[in-house]
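Engineer: Given the coordinates of chain A, work out where chains B, C and D should sit on it, guided by the hints.
Protein chains: 4
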Amino acid sequence: MELARLLARHPWVNSPVLFGREAGVTAEVPLLPANGHRWELEPFSWAAVEKKKVDVLFLATPHETSRSLAPEAMKRGVRVIDLSGAWRLRRKEHRAVYDFHDSDPQLAAGLMEQAVYGLPELHADRIAKAQLVANPGCYATSVILALAPLLRAKVVDRERGIISDSKSGVSGAGKEPSTRTHFVSVADNLSAYSVFGHRHVGEILEQLDLETTEFTFTPHLLPIPRGILSTIYLRLGQPATEAEVEACFREFYAGRPWVRIFTPPQLPQIQFSLYSNHCDIGFCLGPDRQRLVVISCVDNLLKGAAGQAVQNMNLMYGWNEQEGLN
Amino acid sequence: MELARLLARHPWVNSPVLFGREAGVTAEVPLLPANGHRWELEPFSWAAVEKKKVDVLFLATPHETSRSLAPEAMKRGVRVIDLSGAWRLRRKEHRAVYDFHDSDPQLAAGLMEQAVYGLPELHADRIAKAQLVANPGCYATSVILALAPLLRAKVVDRERGIISDSKSGVSGAGKEPSTRTHFVSVADNLSAYSVFGHRHVGEILEQLDLETTEFTFTPHLLPIPRGILSTIYLRLGQPATEAEVEACFREFYAGRPWVRIFTPPQLPQIQFSLYSNHCDIGFCLGPDRQRLVVISCVDNLLKGAAGQAVQNMNLMYGWNEQEGLN
Amino acid sequence: MELARLLARHPWVNSPVLFGREAGVTAEVPLLPANGHRWELEPFSWAAVEKKKVDVLFLATPHETSRSLAPEAMKRGVRVIDLSGAWRLRRKEHRAVYDFHDSDPQLAAGLMEQAVYGLPELHADRIAKAQLVANPGCYATSVILALAPLLRAKVVDRERGIISDSKSGVSGAGKEPSTRTHFVSVADNLSAYSVFGHRHVGEILEQLDLETTEFTFTPHLLPIPRGILSTIYLRLGQPATEAEVEACFREFYAGRPWVRIFTPPQLPQIQFSLYSNHCDIGFCLGPDRQRLVVISCVDNLLKGAAGQAVQNMNLMYGWNEQEGLN
Amino acid sequence: MELARLLARHPWVNSPVLFGREAGVTAEVPLLPANGHRWELEPFSWAAVEKKKVDVLFLATPHETSRSLAPEAMKRGVRVIDLSGAWRLRRKEHRAVYDFHDSDPQLAAGLMEQAVYGLPELHADRIAKAQLVANPGCYATSVILALAPLLRAKVVDRERGIISDSKSGVSGAGKEPSTRTHFVSVADNLSAYSVFGHRHVGEILEQLDLETTEFTFTPHLLPIPRGILSTIYLRLGQPATEAEVEACFREFYAGRPWVRIFTPPQLPQIQFSLYSNHCDIGFCLGPDRQRLVVISCVDNLLKGAAGQAVQNMNLMYGWNEQEGLN
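Line order of the protein sequences matches chains A, B, C and D.
If you're matching positions, the first sequence starts at 2 in my numbering and goes up one per residue.
If you're matching positions, the second sequence starts at 2 in my numbering and goes up one per residue.
If you're matching positions, the third sequence starts at 2 in my numbering and goes up one per residue.
If you're matching positions, the fourth sequence starts at 2 in my numbering and goes up one per residue.
If you're looking for bench data, these hints aren't it; they were derived computationally from the structure.
Check the hints yourself; a few may be wrong.
Under 7 Å between C-beta atoms, here's a sample of chain C residues computed to sit facing chain B [as the list claims (entries may be wrong)]:
#: 1; residue: Asp166
#: 2; residue: Lys168
#: 3; residue: Ser192
#: 4; residue: Ser195
#: 5; residue: Thr219
#: 6; residue: Ile225
#: 7; residue: Tyr234
#: 8; residue: Leu268
#: 9; residue: Gln272
From the three backbone atoms N, C-alpha and C, an ideal C-beta is built for every residue, glycine too.
In isolation and in its complexed conformation, chain A is listed as follows:
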């Protein structure tokens, strides 16, 4: 729904269409801050897609559905930005957590070769040309952006292990009502879940070229509606200064409008990036100048999902990366 809102306001997007499973259905949009009204849903069909002359299809569908819709769209020359986990993972062992049942496994494998992981700060060039963009997971966005500069600069002692202790607001758990998302279960509480078993770990390992044993990930459910904060622990191979660490981040993200680097001792907080497409990154260096704590924040519904999808679309059509996201 955040995506619908962003597209409706995007200056270069003409009459976006909101498809739903069924005809005539309208959806209430309580999550839209500026709009409590209802939106018309078109019943989805390929005929409708063609009639409406859809250029790019955003899929906010379960991963199984994305697995079957994306090939069909591409056959018709429609570009796809998929928000599910369907097309993010290259390695078979990581895909196991999704357990895909493709009707044509060879076609799927071929598409997987073409799919581009939609993290613009890492893959802008390839996204620009992509037919199929796999929009990253919300946790994965916060972790990969915090670690990529350091790992690419080869300053991390990977043998000592990297840990991400991540905390997410409840909208990351989806709209489906459940005991877990019941207000009384979440309020005045904090809980860890999926320790050593969260689905986003595969993306993180692949994008950062890490081995399973080198990375530990613990997600937690926060009593807030939205926002993610990841506290990441690692050890530098050699002692460094704060200035050197900050420079490493700033150089890597020079010219990237949606990543903000904080100068110590200022640190990101969830509030700072809420309702924005920014990924905020800050850090603390230990007194031994080797232990490093990196903190990154994203709004899980924007930079962690819909905002990043629009950013990808901007790149795919040669528009300014910030268009429609301010």
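Structural biologist: Just chains B, C and D now, kept in the frame of chain A:
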């Protein structure tokens, strides 16, 4: 579950049994502050009730189920404290909102004659002898206790109408996950619901002897787990002093351990009665000395449900009203 | 700070200046969702105001300060939009709650004659020409907009009294840390305050031409950061239909972009108007077709303060009322 | 205030006295769930202490004040349970964060020798005989209890480092209103603070015999009133089974009533230990059987402060450790 916790700690209750619909089922008890563990549920059957020599049966069942279980229990000489709306209403027009389908309507009507509305501050004597106690609704408790002293003293200008603007935490909406109780729907929000149509209105009208047109009730869903605050508006028939109003409350509740009267300008807040069986009552008198705002707070899970049920049991067995509730 | 953010993004505002009491001070802006950074504050002086060629001065100052700054600004031909309570009240008895100490009472009285109450839905024409606009209080906005259509149409039985039970998020209580705004005091709580004595009552009475005894107002502090919901109770002089009531609202606000009328049974919720400049209005008509419950919601920092100030500026400069507010 | 509530209800405590800085002052007690009333404070003086025949003095004072009051109390034969950081630290380098200014450094050093760190699960025997008990910090309690069994069993690869990512509710930050504890700063937010510099680190290092470089601690401020959850990362020296890890915890805490061990995959959540004196401990073992994530929860106002103080008193007087804490 609050009830199970209270009974487990009650000094005069021997080995309480927790019955459930199915055998061998155990229930997680995340609401119990002091206990995140699981409790054994006995599969419910009348044979089990007899075998366990149950004296009093607390029914925390849907009202339809209470409607059928209560007669069976009473046949067997088991006293019943029912926490549903099944036995609270005498007048047919009020019962319409529950739409009962009794297999033996005559038996049900007879039982209804015997049922006592379980508000100890109003009906202590009758509760002591009752076989069937209808434990009041949470909103109803907060409203009736705030109004009864003034209405009994006939100082209210009933023609001008009485309004209760009530606000409740989410546990009042039940444990069932739904879009309405999803954390993201409730957090950072407030909403009114069931305006002019809430089920507790009938109880309030009957207990206070009010006509439908004399009482307006608007419940709201608060972004907190538990607690109710009712802000009640009425007009006194004659100008009065603060001291007279306070005296009216204090005299009515003299000797009642679970009602606390606040002296102006101090007012109850939800926090003050949380995790206690108190109903807190305070008020503000307008500069015209006739407009009166009464504010009452209860913990909807204690004085508004389980705590009141235990208070009723205490009366039924001749124990101190505070037993097991501190 | 919301105002600073809005002005920074407004398409027709050139280089807004942020003045502060002291030189070189910078302010952290944690409330700005899209921006956790610091802003430069210019030290305030009339020389600076002139040098920067300020056309319109927004005053987000204590009312005493506004009382002394506004005359100075107007002498210099600078238009003023004041967000305090300094210039909202015509009647002396209402001003008593503010206890102004004007150095030149006659000048102040003269200015008060020229000041326009900045509620664009009521006073658009006068605001367009005003030199001094008194931006309304947040509660007052939510109450006045909900009542004006009915009172202007003379369909309210004023003798029976009008009640507004209003609930506000904590940002309405200001940025100053206090025991009352401490997280632990507010969370898991609800409390009423200033019953029969809130400062916004005067504005409401004056704008709606009500007598003191005709209106009762109870504000409550909600455990949420922002948003106001007012539940308003009144009695219609004659029985009416839902359609008639809705038509009364829709006709009054025809062409007004920032008021949304809800069709029963849909009701506004705080979430729907958060982060927007909308005032949402809905209602429930009682079964007697005379008792009416009106519910209105605003974001207290936008339509209740900064957004309305920008809306007023738009009118003062002949721009579209929605400019810079989407 | 939690302590006052616990002592007032403790079966073996006779007429506890609440001392305050000034005479005749009464304190509001909004944090007491069951009691929103006011308590009388006795003005503090040694004469009053003697007159009231105080056996044991609980100090909930700033550490500087505890540093000066404790020696005076002990001179008079009064036992002391100090809730500040004044007497917790043996090593000079850890005490630096408190910067004590003792009037008689030698006396203080002597007392420090006698002071016992009041963690009953580690030092029950010494606490029983102690004149001066230093009640542990809230974070320290959650971390030390989670790590002690594993470190004592020497199964941790200390060289690889131990990390505690801890999250606390706002009551841990004290009652003083500040920008940091303002509702609007905390709600819908999460922030890390005092990374590599929190005062409780010294206690943790001393109690667990760790070197500074072996332990990394990051506290976070949660948008909830109370409760702490620590997520602790370490590596076992040798691969182990879940059963072995669980046995290590269970054996260590056999017979200790206030520590609950969770069997995987169940994990503690903050809600489970709220309003109780329990420390809940659970864990997840990685697929490599060496990486271990330990999760521990306490209520920071009970096991993390007042509850633990009463538990210490129980030991000092030979009473059951659970007395007055259920």
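Engineer: Evaluate each hint against the coordinates.
Structural biologist: Quick rundown of the hints versus the structure:
1. Asp166: Since chain B brings a Cβ to about 4 Å from C/Asp166, closer than 7 Å, the hint holds.
2. Lys168: Since the shortest Cβ distance to chain B is 6 Å, the answer is holds.
3. Ser192: Holds, about 4 Å.
4. Ser195: Nearest chain B Cβ about 10 Å off; hint violated.
5. Thr219: holds (6 Å)
6. Ile225: Hint on C/Ile225: holds, closest Cβ of chain B at ~5 Å, below 7 Å.
7. Tyr234: holds (5 Å)
8. Leu268: The hint holds - C/Leu268 has a Cβ within 7 Å of chain B, the shortest such distance being about 6 Å.
9. Gln272: Cβ of C/Gln272 sits 4 Å from chain B, so the hint holds.
Hint check: a violation occurs at hint 4 only; the rest are consistent with the structure.
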